[in-house]
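Asks: Each chain, letter by letter, is given below.
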Amino acid sequence: LAKTTQPISMDSYEGQEVNITCSHNNIATNDYITWYQQFPSQGPRFIIQGYKTKVTNEVASLFIPADRKSSTLSLPRVSLSDTAVYYCLVGGEGQGFSFIFGKGTRLLVKP
Amino acid sequence: GAVVSQHPSWVICKSGTSVKIECRSLDFQATTMFWYRQFPKQSLMLMATSNEGSKATYEQGVEKDKFLINHASLTLSTLTVTSAHPEDSSFYICSARAQTGVHEQYFGPGTRLTVT
Numbered sequence: 010l011a012k013t014t015q016p017i018s019m020d021s022y023e024g025q026e027v028n029i030t031c032s033h034n035n036i037a038t039n040d041y042i043t044w045y046q047q048f049p050s051q052g053p054r055f056i057i058q059g060y061k062t063k064v065t066n067e068v069a070s071l072f073i074p075a076d077r078k079s080s081t082l083s084l085p086r087v088s089l090s091d092t093a094v095y096y097c098l099v100g101g102e103g104q105g106f107s108f109i110f111g112k113g114t115r116l117l118v119k120p
Numbered sequence: 010g011a012v013v014s015q016h017p018s019w020v021i022c023k024s025g026t027s028v029k030i031e032c033r034s035l036d037f038q039a040t041t042m043f044w045y046r047q048f049p050k051q052s053l054m055l056m057a058t059s060n061e062g063s064k065a066t067y068e069q070g071v072e073k074d075k076f077l078i079n080h081a082s083l084t085l086s087t088l089t090v091t092s093a094h095p096e097d098s099s100f101y102i103c104s105a106r107a108q109t110g111v112h113e114q115y116f117g118p119g120t121r122l123t124v125t
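If you're matching them up, the sequences are chains D and P in order.
Mapped onto my numbering, the consecutive letters of the first sequence carry residue numbers 10 to 120.
Mapped onto my numbering, the consecutive letters of the second sequence carry residue numbers 10 to 125.
If we strip away everything but chain D, and leave its shape as in the complex, we get (with noise of 0.2 Å):
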């Protein structure tokens, strides 16, 4: 299974863009990468998924270079609401599906 690798936290301001980088320089041919967001007492939730190149939804955006060994979350203009733990997950059906979370990123958004 591959290992991601972030940063333990990190600190924005309101309004302000934020990029939270995953490493995962063992990521497999058939392996996805799926961002999770999870408030303190809450499950996780599905933010954003890719396997390569630049995938935005209504809430964010994921850029994965060409060599897929790294991925980078965006969230534009963030707000109080987002302070929570962002968690980046790599798998496939190759692995039975076991989803192994990392430490995550504590993102705290000041005001």
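Don't take each hint at face value.
Stated by the list, open to error - Heads up, incomplete: computed chain D residues facing chain P, CB under 7 Å, no partners named:
1. Gln51
2. Gly52
3. Phe110
4. Lys112
5. Gly113
Hint data in this document are derived by calculation from the structure and do not stem from the laboratory.
Note that the structure is a prediction, hence the values are computed from the model and not measured.
By construction, the Cβ of each residue, glycine as well, lies at the ideal position given by its N, Cα and C atoms.
For chain D, the structure is supplied; the task is to place chain P on it using the hints.
Replies: For chain P alone, kept in the frame of chain D given last:
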């Protein structure tokens, strides 16, 4: 769509008793469900993966006789913590996947277990 519920949301039990936690997919059929445990300020730890109608696959270090998982239908999986002890106190979270080949997991809200 894609809502997963858990019941109860919190439970307090005495040491030595058993506790059952239910995980339901409300608007889709879940071929695979996952159970996680999360201690304060820590990440989620995958405990087991269960496919409907078959035995669960437990992660290394997770006692299958202590954490009984049943996935009897496409919308319900249960986790029973048997002979609970204070060290089992944790936040238990389930997730469900709709069909094989789909990479999204939908998580439940979690169950806070406190063993006294």
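Asks: Against which earlier hints does the structure fall short, listed by number upward?
Replies: none
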